[in-house]
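K.L.:
So the protein sequences, as listed, match chains P and W. Each residue of the first sequence is one higher than the one before, counting from 1 in this note's numbering. Each residue of the second sequence is one higher than the one before, counting from 1 in this note's numbering.
To be clear, the hints were calculated from the coordinates, so they are not data collected in a lab. You may find that some hints are simply not true.
The list treats identical chains as one, so a pair stands whether inside a single copy or across any two.
With a straight-line Cα cutoff of 27 angstroms, these simulated DSS-like cross-link-like pairs (lysine-lysine) come out [unchecked claim]:
#1 Lys89 / Lys524
#2 Lys598 / Lys27
#3 Lys306 / Lys89
#4 Lys279 / Lys524
#5 Lys433 / Lys293
#6 Lys324 / Lys279
#7 Lys524 / Lys267
#8 Lys293 / Lys89
#9 Lys324 / Lys424
#10 Lys424 / Lys27
#11 Lys719 / Lys89
#12 Lys279 / Lys598
#13 Lys524 / Lys433
#14 Lys324 / Lys306
There are 2 protein chains.
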Amino acid sequence: MNPYTKGGFTLPGEAGYERLTLEMAEKWGADVIRDSDGTKLSPEITQAGYRIYSTICIIREHNEFARLHPDAQQQTFLFSEPVTATGEKMTIHLLDGYFEEQFELNDSGEAMAYWQVWDRTEDRLLSPEEWEYADGCVTLNRCVPYHRYSVSFLAWRIWEEINMYNHTTNHWTSEHLRQLDPRHPLAWEYLQSWLDRWCRENPQTNVIRLTSLFYNFVWIFGSDLRRRTRFTDWASYDFTVSPAALKAFEREYGYALTAEDFIRQGKLQATHRLPTDRKRDYMDFIQRFVAEKAAKLVEIIHSHGKEAYVFYDDSWVGMEPNGKYFASVGFDGLIKCVFSGFECRLCTSAEVPVHELRFHPYLFPVGLGGLPTFSEGGHPEEDAEAYWLHVRRALARQCVDRIGLGGYLHLTVGQDAFNDAIAKMAADFRRLKALQACGAPAELPVTVAVLHAWGSLRSWTLSGHFHETDRNSLIHINEALSGLPVKVRFISFEDVENGALREADVLINAGRAGDAWSGGDAWKDPEIVSEVTRFVYEGGGLIGAGEPSAAEGKDTRFALAHVLGVDQDDGRYACHPPWAWTQEMSDPFFVAGESVGKTAGIRLTGPDTLVLNARGETPTLTVHEFGRGKAIYLGDFYYSPAGARMLLEMLLYLTGADGRAAGLTDQYLAECAWYPQAETLVVMNNSGEPMEVNIALPSGTVRTCPGAGEICFVPLGEKAVRL
Amino acid sequence: MNPYTKGGFTLPGEAGYERLTLEMAEKWGADVIRDSDGTKLSPEITQAGYRIYSTICIIREHNEFARLHPDAQQQTFLFSEPVTATGEKMTIHLLDGYFEEQFELNDSGEAMAYWQVWDRTEDRLLSPEEWEYADGCVTLNRCVPYHRYSVSFLAWRIWEEINMYNHTTNHWTSEHLRQLDPRHPLAWEYLQSWLDRWCRENPQTNVIRLTSLFYNFVWIFGSDLRRRTRFTDWASYDFTVSPAALKAFEREYGYALTAEDFIRQGKLQATHRLPTDRKRDYMDFIQRFVAEKAAKLVEIIHSHGKEAYVFYDDSWVGMEPNGKYFASVGFDGLIKCVFSGFECRLCTSAEVPVHELRFHPYLFPVGLGGLPTFSEGGHPEEDAEAYWLHVRRALARQCVDRIGLGGYLHLTVGQDAFNDAIAKMAADFRRLKALQACGAPAELPVTVAVLHAWGSLRSWTLSGHFHETDRNSLIHINEALSGLPVKVRFISFEDVENGALREADVLINAGRAGDAWSGGDAWKDPEIVSEVTRFVYEGGGLIGAGEPSAAEGKDTRFALAHVLGVDQDDGRYACHPPWAWTQEMSDPFFVAGESVGKTAGIRLTGPDTLVLNARGETPTLTVHEFGRGKAIYLGDFYYSPAGARMLLEMLLYLTGADGRAAGLTDQYLAECAWYPQAETLVVMNNSGEPMEVNIALPSGTVRTCPGAGEICFVPLGEKAVRL
């Protein structure tokens, strides 16, 4: 059997389409068949000789239990939209504006102890004597006229959010599924015995694919379709809360969290914003709880001789594959759905035996990004190939163990172009995996440290998929980095204080003023600023994008303005004309103009900053020498194949490294990976045209001619792996 | 004599061009001849029967005295550009980067007591033991490596700034003029006796035109031509400082100002920024000093039977014609140079017997805005007519007593188009003055209150001419208002607390977050916010432009978001999708798209805000009903004739006033003014094309056909003034 036509592939089977299932398993070389949310496997499939994954969403599908124990359901803090008082008395309807099918007020005494009423005009917490509650409403009897009031309260979440999404997007009509909180003692007992019984009753299953654990990412629906989603954050912990959790936290930490720690003036705790210390405590508290409970589930699964894989999405909150407690759970595999290269690296960076990717598009009528993928007018093969161009270059750096698909297999009927494309991707994946089995691809002696408030906990991802976070330059930078031949570390400000820069060659800080990626208040710390200053002065490289190191209260808007050679006028430079400049005609590295964007108000700090690119009067790409090091400023960065190459060139420019060590193409729309142990060069044409590519290697230059979008495997020695 | 061909006109005469002077006096109908900076009048001119103005810059032209008493010269605080320490010892050259012909270090013991050395990385003031001074340099012996240090110090200003400007711009080569500080006792005695002697020696002079008083606006030159102007602010007080002033201040106020009160982390105290309380104290202190000294000069002038006019520019700092002490000086006239309508209103708003405008262009080779007006390629008549279109509409609302020109008269030779244009403007000015002599033009029952941190002290102007401040939407709004038939008041936040809104119909707040025009921290005050909320709720109108009411620490970026119906996403709305909207197809008032600009991040606060204009996904013009009132938000506003009309329509929409009460044209590029007492309608065609204009008045509709750019005077009754 040709090893590149079979294996490492998980196929979504579908009862009622048994023949199709087995045909497609053959075509795509599947060794595993799985069910999906909305599909089942029949005995004809499970007994066909494939390994079987069974999808279980542990906290869902227990509506009968939820009906009997409504207090075992999950909760969240919500706030009423602030209302302006026009007299001394006012009544606030708490759930006004929220989706009534998602929430139900928790007005138990235990919950109400956590309610708060705020005068948002003064930002003053009202004393309990100032308000009273009845029938879903809070009444204030002594308002200050023309002040704005809001109530923070706890609500039950009565519709599991992924099920809610599938109903509202894919027109499902089945019963709304509820979700149980494993912190509820009866629910936890019930879930364990339910899982135990399930394992006993399903001997055909080899791997339980947990989708995922207990707490969904935050997704709050509104009642008005003009703003259906009020809030959604892939990495927020708000849906883990309950009076029981708050009490346990207080017992352990010796201080109490309040509603305002979650509500924060109605803005909630989005991952993109700077975390408070209290939020960090709470997250750690939840992570330990989730790890402990998850380990118990894995124990049950293992006790039945099955393996436990976990899906890295949906109800993944608290699991944190890049966190401190993940390895302790004992999972056998981690499955990440991917649109992008950074998501591959996100998956491979977790400590777990098997890394698996679930490719997009999902076999659903409508794609997650809203495309009509498998509906009228859709082009699933184009979507798949576009994602593959992103994923491929990351796999060429660090391969996974398995790939696969999910959804309704019957949607592939008649989609020959798509089906062929997937077969080809699967084969190329197997080749990359085989090469890396011999040894890692050659890497430049360059370590890039990406600095932000979350550090390694948010390695590679910001908060969700690329298209959900694409207004942040950092996700574009991470995407570019995911396929470059350099070491990448994600470090926090605490890491900087602990000497992390001693092991870095280039530091990247990319974000907007006050966000978690730029770092906000962390830049008020003179130690951080002087350590980065030292790092560059002594020869390090710095790349700042957007509003890097922006902080309040400094003499410059960017705490690193003196290093970057640019600062931002947020009004403070009123009456200070900027330094005049002319755009440099020579280009010290390849500048991909289409990947460079503008940040308003950027100005030079002095005459020594070189402007390589600009929009109107605003420099968008500058270079500044500082001591023995250099700094590059980018107003904004958008991922493109050319932009990824520009980033590589910047790294070479900043470090003086010789790109040939890892292979360097003479075409900026082509990339390569050189596997010294496998004596094989991989060349990827990232463009839609065939091209001649010459690759400089330490041993000389190699010429290849990959077709449009093609990946070539070029044997360069006697020991080259036969592909 | 036709009263519209002569009078109210000040001509700049020029010795050596006597015949030209008298010819042009005849052509333009001058009744006054003046000298200018750089020109003299000969006896042939002064004895020709005209009243004579003599220009005196009181603190200048005393180089001999300055040489003998160098400590009588004026000073300023400067700061050395922050330098990064790379070891423990560092020497800072204080004047590096400053224009060496403008500044000289004041390292006297008295001055050095005010010097400060700052660690800007920590924002820590060093103790005097940590540094030492010698030969223009400060040496630090115990730096923290990679911290940035800066020295704040006092420097003598050894070149009067207007003279410096004329040398560097108009290639003057005469001796550099120095300037004396009237706070120096010997200098003050000297200046008084010098003036007294001058008056005695110049009996031909009727009016002494003071240009202006003692302290120039701040204008700091750098040594590098790529940033020649380091700082320039027309209304800043930094050039009034000296150890003597600081000591007197401390004696009076009981607390000491420090260098940092002026330097403010190197950003100085620009008028566009929020003033500190200490700056307000200092300004009041200087205003009293200037008024007291100016009154003494006026007394001397009056004692010689002459009148004292003062020029509202150049060394005007501390004079503050809209301040508390101006009237007490006893000036006979105020002369303002004007490019714009708001500058006419700025002049007429001062309490003084005679208001005079000096038109632009100045008779100089290069115009103040940098145009080659009277040089090769210049079109002085086009410049003059463009300015006139702005000035005319303001004069139609509130006329001045006199107009005039300045500069080198000989530059008008051969400029027939310019000379004719000025003659026509002068005649039209005289007609407007004659109409207003009968009574004010009809006004709508609408009072507009413009709210900013400076209140009435900065009525109409921001800080300098239109082209110097044109990135601020407020100057565009003020320019539009200057020709509208409404009452306009400029109020401060203190005025709001004292009930100023009780007398307003529409409130305008227009600025950028944290600037003096938006108001910054003032919006943290719940009383201000609830008072404006009340005002609109009870029926008032609100116009917010740019980042109105933006303040830190509130639950919304705009403290008035709930009233405006829009807020700004400065990052805080991360993960909160905005309300969807569609642009309204019906237009509740005339929207002049070209006058509407965008502010980034604007989003609706709810579904009830109507979007009238947008750029891409960002609303740029919205309307929101709030209680019985309404609010309009403008992302940005650029003055244009159509934009001025849009603003008028907005005021009518917000107040429900009937525009016919003051006359309303059916063409948005035409304006009118209706003089009931003079029974005359004035119609101004603001476009470059002839047009038919129908004007709705309370008595019916009047039809006119003004030519391109023309102003028509239409008699509408038997008592109409013959023009």
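K.L.:
Confirm or reject each hint.
P.N.:
How the hints compare with the structure:
Proximity of Lys89 to Lys524 under the C-alpha cut-off of 27 angstroms is restricted to the inter-copy arrangement: shortest distance 24 angstroms between copies versus 44 angstroms within a copy. Taking the closest pair of Cα atoms, Lys598 and Lys27 never come within 27 angstroms of each other, the shortest separation being 47 angstroms inside a single copy and 54 angstroms across copies. Proximity of Lys306 to Lys89 under the C-alpha cut-off of 27 angstroms is found in neither arrangement, the shortest distances being 62 angstroms within a copy and 68 angstroms between copies. Proximity of Lys279 to Lys524 under the C-alpha cut-off of 27 angstroms is found in both arrangements, the shortest distances being 20 angstroms within a copy and 26 angstroms between copies.
Taking the closest pair of Cα atoms, Lys433 and Lys293 never come within 27 angstroms of each other, the shortest separation being 34 angstroms inside a single copy and 88 angstroms across copies. For the homomeric pair Lys324 and Lys279, the shortest alpha-carbon distance inside one copy (16 angstroms) is at most 27 angstroms, but the shortest distance between copies (52 angstroms) is not. For the identical chains of this complex, Lys524 and Lys267 are neighbours both inside a copy (23 angstroms) and across copies (18 angstroms), given an alpha-carbon limit of 27 angstroms. For a Cα distance limit of 27 angstroms, the shortest separation of Lys293 from Lys89 qualifies neither inside one copy, at 47 angstroms, nor across copies, at 58 angstroms.
Taking the closest pair of Cα atoms, Lys324 and Lys424 never come within 27 angstroms of each other, the shortest separation being 37 angstroms inside a single copy and 83 angstroms across copies. Within a single copy, Lys424 and Lys27 get their C-alpha atoms as close as 10 angstroms, which meets the 27 angstroms cut-off; across copies the closest is 90 angstroms, which misses it. When the C-alpha separation of Lys719 and Lys89 is checked against a cutoff of 27 angstroms, the pair qualifies neither within a copy, at 84 angstroms, nor between copies, at 60 angstroms. For the homomeric pair Lys279 and Lys598, neither the shortest alpha-carbon distance inside one copy (33 angstroms) nor that between copies (36 angstroms) is at most 27 angstroms.
Neither within a single protomer nor between protomers do Lys524 and Lys433 lie at most 27 angstroms apart by alpha-carbon distance, with minima of 45 angstroms and 59 angstroms respectively. Taking the shortest alpha-carbon separations for Lys324 and Lys306, only the intra-copy value of 25 angstroms comes in at or below 27 angstroms, while the best inter-copy value is 87 angstroms.
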